[in-house]
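Peer 1: Each chain, letter by letter, is given below.
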Amino acid sequence: MKLLKNCLLAGLTALTLLGAAQVTTAQETDQVGRSTYLESLKGKKVIFVPISQGMDLNQAWVVVWQRHAARYGFTLEVRDPSGDTNAGIRAMQGAIAEKPDLIIVQNPDVQTYARLLKQAQAAGIKVLQVNMQSATQTDSYVGNDWIEMGRLEMGELAKHCTGPNAVSHKVVWLAGVQTGAANIYMRTGIDEVLKANPELQLVSDQPADYMSEKARQITETVLQQHPDLCGIMGIWDNAEVGAGAAVVAAGKQDQVTIVTNGAGSATGCESIKNGLLDVIFNFNAPIQAEIAAQQISELLQQPGRKAGSEKTIFFGPITRVDKTNATGRNCWKLDELK
Amino acid sequence: MELAGSGGSDGGRMGIKVSQEIVVVAISVILVLVFSATLNNFLSQGNIIAILKNVSILGTLAVGMGFIVVGRGIDLTMVAVMVVGVAFSIWISTWGIDFTLAIICGALLAAAIGLFTGIMVAIAEIPPIFATLAIASSVYGSGRIVFASDVLYAPSNIGWLKFVGSGTILGIPMSVVIFGAVAALMGFFLRKTRFGRLVYATGDNPNAARTTGLPTRPIIVTQYVISALVAFTAGIIMLGLVTGIDTRLYNSSLIYDVLLVVVLGGIGLSGGQGGVRNVIAGTILVGILTNGMTILNFSYTSQNLIKSVILLGALAIDAIINPRDEQTSQSGDI
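Here the protein sequences come in this chain order: A and B.
Count the first sequence with the working numbering and you get residues 12 to 349, in order.
Count the second sequence with the working numbering and you get residues 1215 to 1548, in order.
Hint data in this document are derived by calculation from the structure and do not stem from the laboratory.
Hints may be right or wrong, so weigh each one.
Said to hold, decoys possible - Now the stretches of chain B that chain A is said to cover, found in silico as 3 or more residues with beta-carbon under 8 Å:
hint: 1; stretch: 1255 to 1261
hint: 2; stretch: 1364 to 1373
hint: 3; stretch: 1454 to 1465
hint: 4; stretch: 1505 to 1515
Beta carbons: idealized from backbone N, C-alpha and C, even for Gly.
Chain A on its own, in the form it takes in the complex:
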């Protein structure tokens, strides 16, 4: 009888222990804070107003964000104005009227959306700006350190175009859109380098409007005036291929160094391999997008925080890519990101 009682007791104890163990296991499998995270992201609405979804960087961003949205249950809508500033203003007004939880915006220039962004913040909508800033600072900016970009590109030219072996000290800045944030801030960086290297001679400063044919025309004209040109720096690899084409047509590819920046897509690497470009400062759009994705998560996790009450900035990585490393992760293809 006592044996039976003992057995029962032992059995009960074992069961209790097992039960307790099970509870502990269940607690361990739920990663701490994950359910709260999922809860706060679920069903949230994010609207992205780009400059144009036709650009390689935009495509990379959206692929990464859509994956993030699908994984964590929020929605991401893209309102593409396709390069039309007026359509962009309408898209922004529409987005504000819909009161989403977050608006992501890529500004065509520093002024156009400045007031709209203030309105959005006043309406309690959090705003994340990507790569192209507005004069209005909002909750967050994720993108390039454009002043550093200007410094890096002109610094690269300074390496080639100063010193005793330089063919000349003449350099060209093929700008983008003069009112764009990238343009304005890069210019600050460029001026710093020019000041530090007074022998550098900026012989032309013309906007190519992010168009390859315009870049080609300017370069061809400048090369006629300055046959001893040493270097060209630009703002987007897909535009500076035009400058490269003009330099190749003049047979000066060994003399003129062409430096630009880009999202790091495979087409840029192809241009380096084809000899149209020499150096691309690659801001790796997929990594930029991952940083922005974490910002999206942070802003959605803080519904209590007032829009615009805290302002943060995150600069993405910049990698110098030339013939020696134009491979692998420095040259992404959109299909590989999906």
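Keeping the supplied structure of chain A fixed, place chain B upon it in accordance with the hints.
Peer 2: Same frame as chain A, now just chain B:
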């Protein structure tokens, strides 16, 4: 020009008719003198070739536009047809179709769009400015949906395309040769063929042309097909020069630059006058101006300002030389 009453027409007695073309040529000569006096290398052979090369795309488009304007039309689809036609060729070549065949398919697409535009203008009788504005937007929009990217690159191993971009004939770049060929062909077509004369007749007075039994509708449809093919040719020049095509060109001011060249050269928007020579005069003036301003490193804003002041000036001179009267007002304008 034919209408009496202005000083310009009276000038005919002395053997010189002050047409707008002559004004444009005079402005060009003055600019050349000023630039060559102030800028080094402006008159060098290299720079002159650079000027011509830089206007080859604009000039080719303007030849097509001039052809339409002579017939009292306007074709705002040209830039859309150019970028979408060429982008379509690149897009289908990525399926493994031979690139040259893909280019032919692109040309067929361009011609089909031109045919549709022509039918809308000639048979549905939608005013050309509205018809082509709407069609341009739908052509570009369809392209944007089909091609994922704005910038499409041609395969890098196409021999003939490389020749278009960097080849020369007797030292003249192929892009300039193609522009010259298109212009010469169009000039011959307009001046020497019966069809060309019918275009002038239709442009000068469509109702009279129709009443006298001219096939105005087929003429208009053919015009738009030809201008679409000319636009496609300009796209091939661009593809050769920069190895890719950027469909965002549609959003740029290029189509207005094309109109600027046509109007500047002296082809009146009321139709029936002017020819390829006017287009070339306008193109070269814009080329000289842009080249000089680029060398002088003028800012983008001031370049646009100067360009538009010159357009306005040309229009004002046109209004003085070719004053409107009851007859021209009644015959309509764009």
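Peer 1: All the hints need checking, so say for each whether the structure fits it.
Peer 2: To see whether the hints hold, each was checked on the structure:
{"no.": "1", "hint": "1255 to 1261", "in the structure": "holds (count 4)"}
{"no.": "2", "hint": "1364 to 1373", "in the structure": "holds (count 4)"}
{"no.": "3", "hint": "1454 to 1465", "in the structure": "holds (count 9)"}
{"no.": "4", "hint": "1505 to 1515", "in the structure": "holds (count 7)"}
Taken one by one, the earlier hints all hold for this structure without exception.
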